[in-house]
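Trainee: Letter by letter, the chains look like this.
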Amino acid sequence: MAVKRRAGAVLALVTTGVLLVAGCGGGGDEEPAENELYKNPVTLTWWHNASQDGPGKTYWEKVAKDFSALHPTVTIKAEGIETNQLQRTRLPAALLSSDPPDIFQSWGGGEIREQVEADYLKDITDQVKDEVANIGSAAEIWQAGGKQYGLPYRMGIEGIWYNKDMFARAGIAAPPTTFDELNDAVTKLKAINVIPIAVGAGDKWPAAHWWYNFALRACSVDTLKKASTDLSFDDQCFVKAGQDLKSFIDTKPFQPNFIATPGQNDPTSANGLLANGKAAMELMGDWNRGTLDTVATDKAALGKFLGWFPVPAIAGSAGDPKAALGGGDGFACAKNAPAECVEFLKYLVSPEVQKGYAETGTGLPVTKGADAGISDPALKSILTATSSATYLQLWLDTAFGSTVGNAMNDAIVAIFAGNGTPEQVVSAMKAAAKK
Amino acid sequence: MTSTNPTLTPAGGRKAPPAGRPAARRSSTRAAETRRKWYEIIGLTTPAIVVYVMFVLVPMGFAVYYSLYRWRGVGPPTDFVGFDNYVLAFQDPIFLDALRNNAIIVVGSLVIQGPIALGIALLLNRRFRGRTVFRLLVFVPYVLAEVTVGIMWKLLLTGGGTFDALLRSLGLGGLVQAWLADLHVVIWTLLVILTWKYVGFAIILLLAGLSNVPQELNEAAAIDGASWWQTQRHVTLPLLGPTIRIWMFLSIIGSLQVFDVIWVTSVPAVRSLGASATMATYMVDNGFFARLWGYGNAVAVILFVISFVAALLFQRFLLRRDIEGAITGKVK
Chain A
1 MAVKRRAGAV
11 LALVTTGVLL
21 VAGCGGGGDE
31 EPAENELYKN
41 PVTLTWWHNA
51 SQDGPGKTYW
61 EKVAKDFSAL
71 HPTVTIKAEG
81 IETNQLQRTR
91 LPAALLSSDP
101 PDIFQSWGGG
111 EIREQVEADY
121 LKDITDQVKD
131 EVANIGSAAE
141 IWQAGGKQYG
151 LPYRMGIEGI
161 WYNKDMFARA
171 GIAAPPTTFD
181 ELNDAVTKLK
191 AINVIPIAVG
201 AGDKWPAAHW
211 WYNFALRACS
221 VDTLKKASTD
231 LSFDDQCFVK
241 AGQDLKSFID
251 TKPFQPNFIA
261 TPGQNDPTSA
271 NGLLANGKAA
281 MELMGDWNRG
291 TLDTVATDKA
301 ALGKFLGWFP
311 VPAIAGSAGD
321 PKAALGGGDG
331 FACAKNAPAE
341 CVEFLKYLVS
351 PEVQKGYAET
361 GTGLPVTKGA
371 DAGISDPALK
381 SILTATSSAT
391 YLQLWLDTAF
401 GSTVGNAMND
411 AIVAIFAGNG
421 TPEQVVSAMK
431 AAAKK
Chain B
1 MTSTNPTLTP
11 AGGRKAPPAG
21 RPAARRSSTR
31 AAETRRKWYE
41 IIGLTTPAIV
51 VYVMFVLVPM
61 GFAVYYSLYR
71 WRGVGPPTDF
81 VGFDNYVLAF
91 QDPIFLDALR
101 NNAIIVVGSL
111 VIQGPIALGI
121 ALLLNRRFRG
131 RTVFRLLVFV
141 PYVLAEVTVG
151 IMWKLLLTGG
161 GTFDALLRSL
171 GLGGLVQAWL
181 ADLHVVIWTL
191 LVILTWKYVG
201 FAIILLLAGL
211 SNVPQELNEA
221 AAIDGASWWQ
231 TQRHVTLPLL
241 GPTIRIWMFL
251 SIIGSLQVFD
261 VIWVTSVPAV
271 RSLGASATMA
281 TYMVDNGFFA
291 RLWGYGNAVA
301 VILFVISFVA
311 ALLFQRFLLR
321 RDIEGAITGK
331 VK
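Protein chains in written order, with the numbering used here: chain A, 1 to 435; chain B, 1 to 332.
These aren't lab readings, by the way, just hints derived from the structure by calculation. Small disclaimer: the values here were computed from a predicted structure and weren't measured. Take the hints with a grain of salt, since some may be wrong.
To be verified - Sample of chain A residues at the chain B side, in silico, Cβ under 10 Å:
no. : residue
1   : Ala78
2   : Gly80
3   : Ile81
4   : Asn84
5   : Gln115
6   : Glu117
7   : Asp119
8   : Tyr120
9   : Asp123
10  : Gln127
11  : Asn265
12  : Phe309
13  : Asn406
Stated by the list, open to error - Between beta-carbon pairs, the in silico distance windows are:
no. : chain 1 : residue 1 : chain 2 : residue 2 : range
14  : A       : Asp184    : B       : Leu144    : 47 to 53 Å
15  : B       : Phe249    : A       : Lys226    : 33 to 39 Å
16  : B       : Ile151    : A       : Lys434    : 49 to 55 Å
17  : A       : Ser350    : B       : Val56     : 29 to 35 Å
18  : A       : Ser350    : B       : Gly160    : 57 to 63 Å
19  : B       : Phe128    : A       : Thr89     : 35 to 41 Å
20  : B       : Thr45     : A       : Thr73     : 46 to 52 Å
For glycine and all other residues, C-beta sits at the position ideal for the given N, C-alpha and C.
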């Protein structure tokens with residue numbers, strides 16, 4: 001008996017020890033073999049944000065399989081993780097460890113600058129010159145210090161998605177091009193008893209994007225560029241953005257109880273209100289075509305009534321009226337990822353893969369020549385507007401980084417809730433920049 | 001010292017030890033037994049201690065360490081700021097809102113759940129038809145996963161949803177509120193949901209306590225002419241004291257650390273305005289979403305210290321009586 005018990009105890013100790021070693025070890029066995037591309041078998045771990053079943057996820061699975069078929073030495077282990085979880089917890093924790101994924105979702109802007117400072121990412125400047133030339137200025141979002149660290153596969157500007165039938169019923173002849181016209185449209189839509197504009201303020205960022213657009217109209221391009229790099233927000237235009245937003249909210253263009261309304265993914269969301277014919281407009285990015293579909297009860301009807309127009313200009317403002325807010329999704333390779341990672345990244349933005357991506361309707365491609373895959377009229381108008389925009393400002397919360405971005409969004413939401421001021425947004429941003 | 005009782009020697013077919021050196025044999029047996037006892041102690045506790053150290057003490061140490069840095073989770077922490085993060089937390093009005101909300105939940109849970117649970121437990125302790133079914137129903141909310149409960153209530157309480165429709169059909173349309181969005185209403189809505197969720201736990205605890213109350217005492221009281229109410233008040237309730245205090249203790253600690261139901265049910269915008277934030281949701285919002293990892297750790301440490309102090313005070317002033325057996329002494 002005694003012997004048995006002792007053996008049990010020893011076994012428990014050994015097991016614990018093994019677990020400890022296993023937990024602390026791992027990684028370190030992947031040494032990059034730069035010059036021997038496709039010679040040794042490699043496994044690439046790929047973390048993307050197409051976590052929900054649908055055309056996006058299916059397409060990435062196909063792309064991974066196709067690449068392995070082209071290069072049999074490469075096995076790709078793809079994992080779709082919900083965006084927030086991926087960006088806020090999984091990826092930062094994995095990057096701190098010695099065994100991060102090889103290729104992963106990258107949103108560019110302030111975040112990629114921080115990741116480069118921490119030496120997490122592979123410098124791919126020399127390998128992707130052709131791709132960058134093809135993509136154009138959008139690729140700059142994935143640069144830091146003049147070097148390229150990632151590539152986008154989706155890029156688009158935001159604008160107002162609207163219900164053409166409702167506009168016709170309300171007697172609005174053409175989509176508004178100035179805010180005065182937008183205010184007129186709101187009045188006319190109220191007269192036919194529909195919600196003029198749906199906003200998912202519950203999720204914060206959909207509300208914050210209204211402020212971003214007022215800032216884009218109030219601030220000069222130089223001021224915005226300087227704000228992104230220095231995190232300095234002294235220019236009065238940032239206060240002006242809040243004042244303009246406040247007077248816009250005062251015209252009551254949004255649905256009642258908007259502070260509780262989620263942005264997307266649910267029939268009660270702002271997306272649901274537009275997709276199911278309850279609201280006439282919604283400010284949202286290019287991915288909205290796909291997300292509207294998922295909450296629509298009648299997809300065919302949605303396809304017929306859905307239209308898109310750029311965010312209206314404000315007469316006499318300092319900003320560039322042809323500037324637009326936008327953003328995209330990209331991928332980056334970890335510093336110690338095998339050389340095949342960069343090849344896969346290049347494959348992802350190649351015209352044929354991009355064309356197939358465009359056909360999924362989940363977003364706009366970035367590579368020239370892939371636009372042929374777009375058939376939806378609303379997406380086509382975004383593509384035209386994107387190429388005619390004189391300046392593309394990255395979403396401000398991404399451009400300024402999570403800390404300032406989060407504080408800014410919270411303070412903007414306070415204006416929506418009626419207990420914040422335009423000045424408080426700026427002071428919250430300044431305080432967060434120091435945190 | 002002749003050979004002692006031979007029946008005491010270990011069985012198992014071993015030959016009885018030769019007589020002549022009994023003292024030496026006995027001391028070596030004792031030493032072996034002591035040794036074995038220690039092996040057992042070490043063998044049985046080591047896994048638990050290793051797990052406790054690895055997953056409780058080490059992370060706590062790291063939390064304290066990280067909380068002294070201005071750190072955004074990118075690269076190792078290098079920017080030492082001392083106690084700045086703690087000062088910042090207590091200067092942030094949203095954190096103070098979270099503290100206030102936690103206080104509301106702590107007090108509200110005790111004041112609302114206590115009487116309800118006691119009443120239902122006393123009722124369920126009597127014999128009546130369908131008692132088992134009723135007991136089961138009362139306990140269902142507690143068994144449901146927090147996320148399920150959160151989503152369920154969110155759907156019921158959504159603007160123009162089931163709950164509002166119910167109120168209107170009862171002619172109480174005037175009472176309809178933005179239950180989860182009105183900054184002054186939301187914390188009370190959440191308190192009701194938490195009460196619904198956790199009152200079953202209090203009832204089960206109290207029922208277990210009631211089953212330990214000897215039937216003889218009730219009978220004796222009845223013979224002395226006490227009514228049912230008098231028996232409950234003067235016999236049952238005092239004997240339930242230890243159970244009630246343990247429930248209070250668990251309720252207070254749970255209320256201080258409450259996260260899941262609040263996180264799922266409350267709207268991010270409302271939470272960030274402080275109206276429905278608790279210390280735990282504030283920690284996640286700031287630690288992960290604003291990517292202030294050092295600051296988030298500081299909030300975690302504050303939450304830990306508050307819970308720890310509350311636990312110590314409670315044990316010192318209320319639970320000590322139970323540990324010393326004061327109640328049982330009185331009953332005897």
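Trainee: Each hint should be assessed against the structure and marked as holding or not.
Mentor: Structure-based check of all given hints:
no.	hint	verdict
1	Ala78	violated (24 Å)
2	Gly80	violated (20 Å)
3	Ile81	violated (14 Å)
4	Asn84	holds (8 Å)
5	Gln115	holds (6 Å)
6	Glu117	holds (7 Å)
7	Asp119	holds (7 Å)
8	Tyr120	holds (8 Å)
9	Asp123	violated (17 Å)
10	Gln127	violated (24 Å)
11	Asn265	violated (13 Å)
12	Phe309	violated (27 Å)
13	Asn406	holds (4 Å)
14	A:Asp184 / B:Leu144: 47 to 53 Å	holds (50 Å)
15	B:Phe249 / A:Lys226: 33 to 39 Å	violated (56 Å)
16	B:Ile151 / A:Lys434: 49 to 55 Å	violated (38 Å)
17	A:Ser350 / B:Val56: 29 to 35 Å	violated (50 Å)
18	A:Ser350 / B:Gly160: 57 to 63 Å	violated (48 Å)
19	B:Phe128 / A:Thr89: 35 to 41 Å	violated (50 Å)
20	B:Thr45 / A:Thr73: 46 to 52 Å	holds (50 Å)
Hints 1, 2, 3, 9, 10, 11, 12, 15, 16, 17, 18, 19 from the earlier list are contradicted by this structure; the remaining hints agree with it.
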